[in-house]
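K.L.:
Next come the chains, spelled out residue by residue.
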Amino acid sequence: MEVLKSDSLPIRTSEDMVSVRTSVRKFATELRFGIVDQTKIVTAASEIARNTLDYGRGGDLRMEALSNGTKRGLRLIFTDRGPGIRDIERALTDGFTSGNGMGLGLGGTRRLMDEFEIASKVNEGTTVTITKWSR
Amino acid sequence: MEHIPILRMGSFLLITVQVDMHDRLALQLQDDLTERIVQHGSHGVLIDISALEVVDSFIGRMLGNIASMSRVLDAQTVVVGMRPAVAITLVELGMSLPGIRTALTVERGMEILRGDVENSMQELEAEEPERAADGSSEV
Ligand SMILES: Nc1ncnc2c1ncn2[C@@H]1O[C@H](COP(=O)(O)OP(=O)(O)OP(=O)(O)O)[C@@H](O)[C@H]1O
Ligand SMILES: [Mg+2]
Chain P
1 MEVLKSDSLP
11 IRTSEDMVSV
21 RTSVRKFATE
31 LRFGIVDQTK
41 IVTAASEIAR
51 NTLDYGRGGD
61 LRMEALSNGT
71 KRGLRLIFTD
81 RGPGIRDIER
91 ALTDGFTSGN
101 GMGLGLGGTR
111 RLMDEFEIAS
121 KVNEGTTVTI
131 TKWSR
Chain S
1 MEHIPILRMG
11 SFLLITVQVD
21 MHDRLALQLQ
31 DDLTERIVQH
41 GSHGVLIDIS
51 ALEVVDSFIG
61 RMLGNIASMS
71 RVLDAQTVVV
81 GMRPAVAITL
91 VELGMSLPGI
101 RTALTVERGM
111 EILRGDVENS
121 MQELEAEEPE
131 RAADGSSEV
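Read top to bottom, the protein sequences are chains P and S. Per the UniProt record's numbering, the very first residue in the first sequence carries number 1; after that it's consecutive. Per the UniProt record's numbering, the very first residue in the second sequence carries number 1; after that it's consecutive.
Just so you know, the hints here were simulated from the structure itself, not pulled from any lab data. The structure presented is a predicted model; accordingly, all values stated were derived computationally and were not measured. All C-beta atoms, glycine included, are put in the ideal place defined by N, C-alpha and C. Check before you lean on any hint, since a few could be wrong.
Just a few of them, taken from the derived set where beta-carbon distance is under 8 Å, the chain S residues facing chain P [what the hints assert, rightly or not]:
| no. | residue |
| --- | --- |
| 1 | E35 |
| 2 | T89 |
| 3 | L93 |
Taking the hints into account, I'd like the entire structure generated from these sequences.
P.N.:
Dropping the structure here:
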């Protein structure tokens, strides 16, 4: 697998959320994703960036444009050094929230993307990696 | 301070969201809107989101809040112009926008709101036949 292009962005303020959506959209457009897939990717990015900001006390996003020979892909890696997630299964359950959300972000993002990975350690932080491939 | 403009059209308010709203702007809109509903005694709110390329759970929740707050203030909310890609994504995300009425166009949204106002006027007339009969009720 080849990384065609990559970029990193901070997620520290609610204004950064707007830049995340704009930059992810730009990558998705350049990779020639259709309008529905673009919308799914940007929405997923917005959900995970919001978690990074609200629960992870801020962090970073790395965007990678990929090629695996036959397909193009967009990989988004969100990292924070926040409190971590104690029970990942529970966090992924639709409707579970420890804040005042609807508990849809993680479960919904998993449905919107092709690949979804979450690695978290209590008191160390959380990394969420999501990928979408061209059809 | 930045604001999303709110237009008054008779007894309705029209909001056209044209930018990717950051959080404070979205929260400001909720405050501004409730204030205007009370100030003008508006009976309907039309929110045009045709320019929005993304509706995530934060914006979805904001639309739901606006609809609930408006209802308490006796105004109906209709969200119009949602892009097909946004609708598909919202469903997959698991957000069906419960309690929010939607319409494809502003015109259709206005029709729904007018229908609502007429219906509630009829109810009012049915409840208070004398007041309706003397023709003095204000519209
Ligand atoms: N980066 C993170 N660090 C720590 N905890 C997290 C992180 N991301 C998610 N969580 C935990 O997982 C829970 C579920 O997250 P999810 O995004 O599914 O729902 P939510 O953010 O609570 O609500 P919604 O996304 O619908 O607004 C959160 O309430 C939080 O407890
Ligand atoms: Mg969330």
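K.L.:
Does each hint hold? Answer for all of them.
P.N.:
Status of the hints after comparison with the structure:
1. E35: violated (22 Å)
2. T89: holds (5 Å)
3. L93: holds (4 Å)
The earlier numbered hint that this structure contradicts is number 1, and it is the only one.
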